[in-house]
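Here is how the chains run, residue by residue.
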Amino acid sequence: MRHVISVKVENKSGVLARVAGLFSARGYNIDSLAVSQTEQEDVSMMTIVVRGDDRIIEQVKKQLNKLIDVIKVSDHSDHPSVQRELALVKVATQPAKRSEVYQLAEIFRAEIVDISLKTITLELTGEPEKIDNFIELMRPYSIKELIRTGRISMNKE
Amino acid sequence: MKMTGAEIIMESLKKEGVEHVFGYPGGAVIPIFHQLFNAPFNFYLARHEQGAVHAADGYARASGRVGVVIATSGPGATNLVTGIATAYMDSVPLVLFTGQVSTEMIGNDAFQEADITGITRPISKHNYLVQSVDELARIIRESFYIASTGRPGPVVIDVPVDVSKAETRFDYPEHVHLRSYKPVYKGHPLQISKACKLIEQAKRPVIYSGGGVISSNASGELREFVKKTGIPITTTLMGMGAYPETDPLSLKMLGMHGTCYANQAVHDSDLLIAVGARFDDRVTGKISEFIPEARVIHIDIDPSSVSKNVRVDVPIVGDCKQVLAEINKLVKAPEIGEWIERLQKLKAENPLTYKDSEAKIKPQYVVERIYALTKGEAVICTEVGQNQMWAAQFFEYSEPRTFISSGGLGTMGFGFPAAIGAQIARPDRRVFDIAGDGSIQMNVQELIVAVQHRLPIVIAILNNGFLGMVRQWQQLFYERRYSQTCMSFAPDFVKLAEAYGAAGIRVEKKDEVDAAIEKALAVTDRPTVIDFRVDREENVYPMVPAGKTIRDTITRELL
Ligand SMILES: Cc1cc2nc3c(=O)[nH]c(=O)nc-3n(C[C@H](O)[C@H](O)[C@H](O)COP(=O)(O)OP(=O)(O)OC[C@H]3O[C@@H](n4cnc5c(N)ncnc54)[C@H](O)[C@@H]3O)c2cc1C
Ligand SMILES: Cc1ncc(C[n+]2csc(CCOP(=O)(O)OP(=O)(O)O)c2C)c(N)n1
Ligand SMILES: [Mg+2]
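Keeping their order, the protein sequence lines are chains F and B.
FYI, our numbering numbers position 47 of the first sequence as 297, with every residue one higher than the one before it.
FYI, our numbering numbers position 305 of the second sequence as 396, with every residue one higher than the one before it.
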C-alpha cells in the first residue's frame, strides 16, 4: 500500500541521510520526498511517499521514531489530510496547437510561466492525482521536460 | 578558562567519571593523544583498532559502564566498524572518538579521510560530526547520555583535527536537552495490571528473559518475580546469568542450541512473558510455529522491538527493572503445580549431554572442567562458533555480566579483546576466553596488550582444526562438503603464546585437562593460552535447524 509519511525532524545536517537510509536499507524506493522548513526555524518537515508492505512500513515508522533527530512521525494514510504538489511542464507545441494547450491550462488552472518560440512552460499545483491527469492530457503536445516537487501533506483539524 | 578541543575531551571524560579508555593513535588525533599524559584515566593501547573497540565493549558488558575508544581518521576509524556493529547489535553502550581531517578538507579525498559518520549511520545508535569546538562539550555530554540510556548503544563522535586544536571556553552542560529523545522507563499502569491478570490466570506460563534484563541490572527484580510467581524461566544467549541456572526453575537457554526442555516449554506454554528479549530468529525458529497457543506479554524499552516478530497481547514499553518492580508489587502466583511437574520430568529426561570419551578430549568436557575448577565464579567471554555454544551450554551461569559473547552479529575475534576489557572491569575475577582455533586468530595480536598489563586471562582454545560451526552445517545440510573449513595449517599456539610473553600449554589427553586449567589459574601475572586438542568432529546439540520447528530438533540420539 502507498503511505504518505510526515517526519518532523531537527534541522541538522545528516538527518536526511538517516531517514532515507531506513528505507533504502530495506530496498524500498521512495516515490517522492519533500523537505522544507516549518513554522519553527530549527525544525524541518519531510513528506515521504513510499509503497510497501504495511507491517514493514509500521516497523520503519518505529525505527524513524527511534532516530535521535526525529521529533515526530505521522502517517497521513490513516487521517484526513490536505495534500498538494507542484509541477512544471514544458511542452514543445506547434503554433497551431497552442490554443488547445491554453484551454487545457485554463481548465486545470495551470499558469503559463514562460513562452518561447518553440515551447510553453506551465505551472500547476494541486492534488497529486490532478497533476497526473494534467500530465496525461499534455502528452500529445510533446512534453520536453517535466518536474514535480513531490507531495506535501498536512493533517486536517 | 579557555581550552582546546583536545583538553575539552579530557575534561569531559573526567566529568563522566571515565576510568579506562582504549584506542590507537594517528595523525588526526595527535592533539588528543598529546593530552593523554595528564589524563585522569588509564589508557590501553590496542594493537589493532578492532581490538580496542571489542575491549571497550567487553569492559562495558562486564561493568555496566560506558566503554570509551579513541582512534584516528580513515583506516583507524574504518577498523572500528565491525566492533561498532557488534556493540550495536547487542545494545552495548560505547562512546567512540574518531579523528577526522580538518573541517576545510572534508569531502576533498584528503589524506586518511573516510566519511565515518556516513559509514556508521546504520550501525550506531547515533553519531556526530563536530563542526565547531563550541559544540564539542555538549556533544560529548549528549553522547554519554544517549549511549547509556533507553536501549543502550554505541555513539560515534567524529572530531576534525582543527576542532581538537581550536580553543573555546569549557562549560560542561549539566543537563541534556533533546526534545526528540525521551526514553520511557515507567510502564503503563493499565498494561501492568493487565499483565498481572494474565499471569495469575495462566496454566502454563514461561518467562523468556533476555539481554535487556542484564543491561538494566534487573536481575534482582527478575529473581524476585520468579520467587513470587513460581514461574519457570528460560533465557536467551544474551540473558544468561540473570537467573541462576542451577535453580530448579531455570530451563537454561532456549533457541537453536537451547535445551530441549526450554524449547518444549515455550512451545507448549499458554503465556510467554518476554522481558528484555527481542524474539530473534535464532530463538523462534519458524515463527508461525513458535508459540501456537501462547498469549504474550512483552516488556521492552524499545517500541520497535515490540510486535516486530510476534503478535503481542500485552505490550509494556518501559525499563525491565522498573516494570518488574511494579509487577512484583501486584502480582499473585498462578496455580501451576502440574505444569512444573511436567517440566521437571521433561528436564530430567532430556538433559544437555554429550558422549564422553576416554581416548579423545570432548570440548564439552573442557567447559565442564573450567566450570568445576573455577567453582562457576569465572567471567566467561567467548569467540563465535561451536566454542561459544558449548560455553553457553556446559557452564552454569548464576550472576549477570559473567557471560560475554557476541550474539547478534556473531563476530569471530570478539572474545579475546572483550576478555581484556572484562578483566580490566573485574580485577577480582578470573576471566576466560573460551575460544575456537579459527576465531582466536582474528585478534590474536591483542595478546601483547594482556601481557603488557599483566592481565591473567586464560584463553582456552577448543582446537578442533576446523571452522567447526560452519563444518557442522556443511556436514548436516551440505553433504559433508567441508569446503574451506578444514584448518590443517595452524600456528603452534603454545609457541605463539610464548613469543608474546604469555604462558602456553598444550593438552592432548583427557587426563591432562584439569592440571592444565589449574596451572593456568596459578598464573596471575600474565595471560595463559591453553591449546586443547579436542575431538575434531564433535557437534553442538541439540539443534533446531534454521527456520525449522522443535519437531525438527536434531539430538545426538538421531545420528
Ligand atoms: C552461532 C550462534 C548461535 C546462536 N544461538 C542462539 C541460541 O540458540 N539461543 C539464543 O537465545 N541465542 C542464540 N544466539 C544469539 C542470537 O543471535 C541473539 O543475539 C540473541 O538471541 C538475542 O538475545 P535477546 O533477545 O536477549 O536480545 P538482545 O540483543 O540482548 O536485546 C535486548 C532486548 O532488550 C531490550 N532492552 C534493552 N535494555 C532494556 C531495558 N533497560 N529495559 C527493557 N528492555 C531493554 C532491547 O530493546 C532489546 O529488545 C546465537 C548466536 C550465534 C552467533
Ligand atoms: C568475522 C566472522 N567471519 C566469519 C564468520 C562465520 N563463522 C561462524 S562460526 C565460524 C567458525 C568458527 O571457527 P572456530 O573459531 O574454530 O570455532 P569452532 O566453531 O570450531 O568452535 C565461522 C567461520 C563469523 N561468525 N565471523
Ligand atoms: Mg575450530
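Hints are computed from structural coordinates only; laboratory data are not their basis.
Note that the coordinates shown come from a computational prediction; the quantities given were computed from them, not determined experimentally.
Please note that a few of the clues may not be correct.
As the list claims (entries may be wrong) - Chain F is faced by these chain B residues, among others (derived, beta-carbon under 7 angstroms):
{"hint": "1", "residue": "199"}
{"hint": "2", "residue": "213"}
{"hint": "3", "residue": "217"}
{"hint": "4", "residue": "462"}
{"hint": "5", "residue": "463"}
{"hint": "6", "residue": "465"}
Glycine is no exception: its CB is placed at the ideal position from the N, C-alpha and C atoms.
task: Return the numbers of the hints above that this structure violates; sort them in rising order.
output: As far as the earlier hints go, 1, 4, 5 and 6 are violated by this structure, in ascending order.
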